[in-house]
Every structure is written in C-alpha cells, then in structure tokens.
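All chains, please: the whole structure from these sequences, using the hints.
These protein sequence lines are chains V and D, in that order. Each position in the first sequence, counted from 1, maps to that position plus 4 in the numbering used here. Each position in the second sequence, counted from 1, maps to that position plus 4 in the numbering used here.
Incorrect hints may have been included.
Note: identical chains are not told apart, hence a pair may lie in one copy or across any two.
[Said to hold, decoys possible] Mimicking PhoX-like on lysine-lysine, the simulated pairs with C-alpha atoms at most 25 Å apart in a straight line are:
no. : residue 1 : residue 2
1   : LYS380    : LYS302
2   : LYS32     : LYS133
3   : LYS11     : LYS133
4   : LYS20     : LYS374
5   : LYS15     : LYS133
6   : LYS11     : LYS370
7   : LYS15     : LYS304
8   : LYS35     : LYS86
9   : LYS80     : LYS380
No wet-lab data here; the hints were simulated from the structure.
Here is what each chain is made of, one letter per residue.
Protein chains: 2
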Amino acid sequence: MYNFEFKNPVKILFGKGKIAKLANELPKDKKILLTYGGGSIFKNGVYDQVKAATKGFDIIEFGGIEANPHYETLMKAVSIVKEEKVDYLLSVGGGSVLDGTKFIAAAALFEGDEPWDICAKRSEVSIQKALPIGAVLTLPATGSEMNGNAVVTRVSTQEKLAFDSPAVMPQFSVLDPEVIFSLPDRQVANGIVDAFIHVMEQYLTFPVNAPLQDRFAEGILHTLIEEGPKVLANRNDYEAAANFMWSATMALNGLIGMGVPQDWGTHMIGHELTAYHGIDHARTLAIVLPGMMDIRRKEKQEKILQYGERIWGISEGTSDERIDQTISKTIAFFESVGIKTTLPDYEVPAETIGRITSRFEERGMKIGEKADIGPKEIQLILEGRL
Amino acid sequence: MYNFEFKNPVKILFGKGKIAKLANELPKDKKILLTYGGGSIFKNGVYDQVKAATKGFDIIEFGGIEANPHYETLMKAVSIVKEEKVDYLLSVGGGSVLDGTKFIAAAALFEGDEPWDICAKRSEVSIQKALPIGAVLTLPATGSEMNGNAVVTRVSTQEKLAFDSPAVMPQFSVLDPEVIFSLPDRQVANGIVDAFIHVMEQYLTFPVNAPLQDRFAEGILHTLIEEGPKVLANRNDYEAAANFMWSATMALNGLIGMGVPQDWGTHMIGHELTAYHGIDHARTLAIVLPGMMDIRRKEKQEKILQYGERIWGISEGTSDERIDQTISKTIAFFESVGIKTTLPDYEVPAETIGRITSRFEERGMKIGEKADIGPKEIQLILEGRL
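Pasting the structure below:
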C-alpha cells in the first residue's frame, strides 16, 4: 500500500424525508444562492420540498446550469454572487449542477486573472478558498456530493476540464433515494455506468498489496451490478434506489482510492468525446473503457484477471482468453442497462480520433496510472472502438 | 437500508515516515499536553520521532495512562490541563491512551457536577465541547483514531463505561504501520480480534437490504483473517502491518455501521469481565461473541448463515449445523491467533456470572440490536462459555 492522506468532512444526510432537515444545516445569517439545472426539480417535487424546508432563509435562485456545466453560464452566476453579496451556495440537482456550483464557489473568490485558469492552469493554481456549499442531490452518479472535484466545459473553445480542492467539498449533502423515482432510464443508466467506471479508474491498475481497498471496490461493483438493474426495472423500488445511491457516493468519495495507484485515463479521453460531440459523460466512459482494457492488457493484467474472476466468475482459459471474456462481460453489462459502447453507436466519425490525439499532443500530456499513455496509445484505444 | 447521518472529519496521515509530518498538523500557538501510556513509546522510537517532529512547539507531558484507562488517572491529567492552561491534546499511544485523552478533552471543559457523569449519565449528558485532539497511533485495534468513542474504567467502583461525541474526534491521526514492528504477540492478537469483533457488532444482526455495507464488513473480516496471521508470523512485514492497521481503522470509523442495525451486546458484557477481572478487552469479546452467536442463533440466523458462507465457505447442512460450524470456525480463528475463548481459560469463576447479571438487573438495561437481551439471556451466554 502507498502512503496516503485522507480527510473527508462532508456530512451526509441519507434517506427518505431528509430534505426536510435542510434548515438544521443551512446558516441563518447568510445570503444563499440556490443553484439548479434544467428545471426537473420543479416537476419531481424536490423544489417544493426545499422551499418548504428553508422558510425564513434569505435565498435567491440561479437556474439553467447545463449537463456538463458551461463556464459561460457559471460566470453569469458568479456576477450575481458578487452583485447580490451571496455568501452561501445551495446546489439542488445532479452532479453537473453541483460541479458547476463548486466552480462558482471557487470563481467568486478567485484572485487570478481569469477564473477559467482554475481549470486550465490546474497544476499551477491551488484553490485555497471558496464560498461554502450545501447540496441536495437529485441524481446518483458522479459522487460530487462527497468530494472536492468538479468538471467544467468551456463552449467557446470546446474544452472540458477538471479541477479539485478541499475548499469546494460540500459542507453537507442530502441524499434522498426517492429523487430516483422520477428519473428517466437514460439518467439512471448513466449513473450506474458512471459510478461503475469511477471504481474501475481506482481499481483496474496494478496490484500494490492493498486487499481492503480491492474488496471495497469489488463490493461497490457487485452492488451496482445487482441493484442497478432493479432500479431500471422498477423506478419505485426504494431499497434498490438507496443501495444504488450509496454505491455511487462511495465510488468517488476518495476512500477506495487511498493508498493505491489511480488511472483516470478513461475519463481524460472521454471528456474529449463530450467536448467535441456532447455525448453524455457516462456514455463516453463506456466507449473508452473497453478499449483501455484491451490496449493495456499487459500493464493491467493482474488486476483485470482479478476483476474478471471476482466480479464475473471468469477463471478458465489463458490470460488473454480470460481478459477477452472479461472485456466482453463488461461491455455486455453496459449494454444490458442500455448504454452503447462503440463510436459508431454515437455517430462519432473516425476523424474525431485525430482531433483528440492532436489535443493530447499539443498539451504534451501523458495519462494513465503510469503516465505513459500518449497520443499513439489513445489512437489505438479509440480505433478499437470504431 | 435505514436512514442515517454520517460525518467523519478526521484527517488520516497513513504510512511510514508520517510522524515526521506532525508539525504541519499541530497548532503553533497552543499549549499542548502530550499524553502517553506505560512508556513503550520510549523503547520503540515513537517518542523520539514525535519530539523530533515537534521542535519549537510548547509541549508538556502526561504519562501513565493504563490499558482500560482509569478515571482516577485521567482526572489528574484534567487538573494539569487546568493548572497549566493546556488547550490542545496530543495522544501518543494505543486506543486506551486515546480513549483516555478523549475523556480528558471532554472533562476539562465539562460544566456539570462530576466528570464521571460523562460516562455514567451518558444518555442525559451531551458533550458539545472538548479540547482539540491530535493522535499518533501505536497499536491498531480500537478504531479510536477515527471516531468519537471512548471507554473509561472507574477503579473505585469497578465500572467500565463508554461515552461518545463528535467533539472528541481527533482532528488528525497519524497511522504509521512501522509502530507494529515492536509490538508483542499479545497486543497484535488483541488488535486483530478487537477489530474483527467491531465489524461483527455492526454486521451480525439482521438483514435490512444493505448489500454494500455487508460487503465492506466482509471485506474487513477477510483482510483481518488473511493479514493478521502474517503480522503475527513476521513482525517486520510492512505490507501486512499496513493492511491490518487500515482494516482496524475502517472497522470502527462509523462507515460500515451506517444504515444498518448494530448490536454491541458483546461489548457491553465484555466490559463487565474487564471491570471485574482486568481481562484484556479483546479477550473478553472473544469469550462472549461465541455465546452471543449461539444464544441468538434464531434472531441472527440469516446473517450468521451469510457470514458462515461468505467468510468461511460453510454452505452444507441444516441451518443449525451451519451455525454450529460457523461458531466453531470463529472460535478456531481466535484461538489460532492465540486468544482463548472460555471463562475458565481466564480463571473466571462461575460466581462472576451472577455479579454481571445483577448489574444489568440493577441498571434495568437491555442490550443487543433489538434491545431484548436482559439478565436471563446474559446468564445463558456466559454459562455457555464456562
């Protein structure tokens, strides 16, 4: 196991009815900006629950934060924060609203030239302060509710970039599984696959003798495989919804990644597919991961075999045969929840591959758990998905 | 899954060399009381590492905190804290030193009549404030390094009682697995069994459809069974030490107990064996747990069968046969690490059983995950261990 430091002070309020506890968590003496997305909170009753729970608080609203939240949109919110002297943010939505809210929180107090540098110059800019954030989660998927990560898209340059800071961890997150009851299939499926691949990025690397982290990761994968389809089949299955929701949070709150190598190459490539073609984040991951497993079958061999055996019961055949079967099983799982896994499925032309590899070339950036995946490997990964 | 609220802000610094990072975590402007136990920190080099890392800090020392820390001893520390205007506590030791330090932290700011009420009137007294605590852990076992729990013994009345408060969670805990290298077999074995039974108290109850919590619990049990004996066999096996240490922390930092019923009956009965006979905490648990499993085989049936199958591979025979085998396997594991499991092994006379049941009678207290274990059941549990 590697050395590590871990601190996750996010308070989780989990279960049905927990939105009603908001008043215990929010500060009475602050001006709050309630952020939300495309308006689903008005249809599923969450907005009404939030309003009922926050009577007497000083709240203004900012809606319209998109999936893959736009820098351009978020900067409008930053202006409102400054004009209205907002000093607390309440995110009511899914991972995109919360990621966008984290960016607003950091940008509002950013002292550099241009807030886009928070993402674009991530390695140089260290975010030490941000407005405090609370969250009501309406979509289990990204894990943003219990971490300090965010991803933001700049439309003008077709860039999708991440940043992270302990300063943007929510002070609290309300996780009421009943919010899942009204989600469309597409969002549930995205959430299952997103959480699944968050685990894979922290698990499918190389062994460092960290059996507890492995078992926790495998526990989340098993639970997603078991409970995810139940949620898809019956949107009112509260217990399955709860198990799915808690799994998605545990998939990316930092815990399973402590003391082990992490990959995140699938995400880095996937973000480019979203940036160029607007494909849902989870779907880009489902495209890239099988290619990543295929191309990295040597480097990841031990962990792919362990994953294949413990998750899918694959223990017969040569290593290569077992790896092939394991990739097939992984693809079949994604397809079984309705997520397609090839580039043609999303009408992505072959030319996109060159655009993506050029971008990595320009950035001079290598990715993966050994930082040894460059443009050539990325080309192979994506060509395998044509 | 039940509703729950979870917040664990303890910062963990894990790995070899991490004691050297103490200066980054401790406040420069506070007067620190370094608390320790019987003096092993002077032999194993931990004291020297702590002193080297804290040059320039204003630190005084208080040693002699016993295993099962004594109220009488801790109150001496409280006097020193008040006289010397100490405003930060640094615990350097195992779970007992840290539990004792938590009590000092709460008692120093306690405004009631007598600080013993923190434990004795636990249900009435709510600890809202305490001195801040940092910890360097020298013995993996109790999980105290990442929770707000403590157990204190009052010698004058032979009482061993617990309290808990978020206010006594350490601000940080340093976990350097190298501290294990110098531990005697007895303490390693105690740590393995203590952590194992912490998991069991949160796992071996009744199912509430919380598969992720179950798998995390099972992951810790598997890891303790696998890595614990390696540590016993080779005290310098850093990797096994690290896996054992992280498992013990994860066993009782609250996470696996979220959303599920919890028992703690084995602990409540075990505490009485320590109070009357001074038996090591972990050993009392190893005595009581098999009796608890036996007497509660109906109430705990589903979870005992699941535990037997997933942990010990027991899947043949009637339910009762499988439960018997599962109890035998559990006892055999404890014995394999050198922990005896019957009352005669510790020369506890049969009369003690009556003294313990009278005490529960007097307190009018029922225990277990359904609060339905009273004196009669406790008598049966302990008689089974004669």
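Hint check:
For a Cα distance limit of 25 Å, the shortest separation of LYS380 from LYS302 inside one copy, 16 Å, qualifies, whereas the shortest one across copies, 61 Å, does not. Proximity of LYS32 to LYS133 under the C-alpha cut-off of 25 Å is found in both arrangements, the shortest distances being 21 Å within a copy and 22 Å between copies. For the homomeric pair LYS11 and LYS133, the shortest alpha-carbon distances inside one copy (17 Å) and between copies (21 Å) are both at most 25 Å. Proximity of LYS20 to LYS374 under the C-alpha cut-off of 25 Å is restricted to the inter-copy arrangement: shortest distance 23 Å between copies versus 42 Å within a copy.
Within a single copy, LYS15 and LYS133 get their C-alpha atoms as close as 19 Å, and across copies as close as 19 Å, so both meet the 25 Å cut-off. Neither within a single protomer nor between protomers do LYS11 and LYS370 lie at most 25 Å apart by alpha-carbon distance, with minima of 28 Å and 36 Å respectively. Taking identical chains as interchangeable, the C-alpha atoms of LYS15 and LYS304 are never at most 25 Å apart, the minima being 35 Å within one chain and 31 Å between chains. In the homo-oligomer, the alpha carbons of LYS35 and LYS86 lie at most 25 Å apart inside one protomer (11 Å), although the nearest pairing across protomers, at 40 Å, exceeds that limit.
Proximity of LYS80 and LYS380 under a CA criterion of 25 Å is satisfied in neither setting, with 39 Å inside one chain copy and 68 Å between copies.
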